[in-house]
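Colleague: Sequence:
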Amino acid sequence: MAPTDSHQTVEATVRRVPRYGVFMGIGVVVGIIAAGILTWAGSFEPSQALDVVYPPGQVFGFLLLWTVPIGIALGGVVALILERVARRHDRVVRVDHETVVDD
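For what it's worth, the working numbering labels the leading residue of the sequence shown as 293, then goes sequentially.
If you are wondering where the hints come from, they were derived from the structure by calculation, not from laboratory data.
Please note that a few of the clues may not be correct.
As the list claims (entries may be wrong) - Label pairs and their calculated CB-CB ranges:
(1) F336 x I373: 33 to 43 Å
(2) V314 x R379: 37 to 47 Å
(3) F336 x V377: 18 to 28 Å
(4) L357 x H389: 43 to 53 Å
(5) E390 x R307: 17 to 27 Å
(6) G353 x V393: 57 to 67 Å
(7) A304 x F354: 26 to 36 Å
(8) L374 x I329: 19 to 29 Å
In this text, a Cβ means the ideal position worked out from N, Cα and C, and glycines have one as well.
With the hints as extra help, turn the sequences into a complete structure.
Modeller: Following this line, the structure appears as structure tokens:
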């Protein structure tokens with residue numbers, strides 16, 4: 293038997309969409325760098341309230357709890373803004389839609 297096919301021309305919208313995971317991953321890296329800079333710039337003198345000295349590793353870990361989620365959120369917002377900007381440049385193209393069925 294011969295294969296049957298159907299052929300039609302349809303319109304499709306082509307647009308560029310940013311990859312959210314990449315932007316959020318970049319946000320994680322920026323958050324880690326920010327925590328490192330803040331840890332390096334901080335002073336490790338005894339606390340006036342508790343008279344305790346926090347080690348740099350503990351300060352870095354605590355700062356990661358704040359800077360990484362903020363970096364993820366900022367990366368997501370940047371991706372959303374880029375998607376809105378890219379939406380203005382949508383194109384409508386004609387494509388050939390072909391279905392081949394082999395019995």
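Colleague: Run every hint past the structure and note whether it holds.
Modeller: These are the hints, each one checked on the structure:
no.	hint	result
1	F336 x I373: 33 to 43 Å	38 Å, holds
2	V314 x R379: 37 to 47 Å	18 Å, violated
3	F336 x V377: 18 to 28 Å	44 Å, violated
4	L357 x H389: 43 to 53 Å	51 Å, holds
5	E390 x R307: 17 to 27 Å	23 Å, holds
6	G353 x V393: 57 to 67 Å	60 Å, holds
7	A304 x F354: 26 to 36 Å	50 Å, violated
8	L374 x I329: 19 to 29 Å	26 Å, holds
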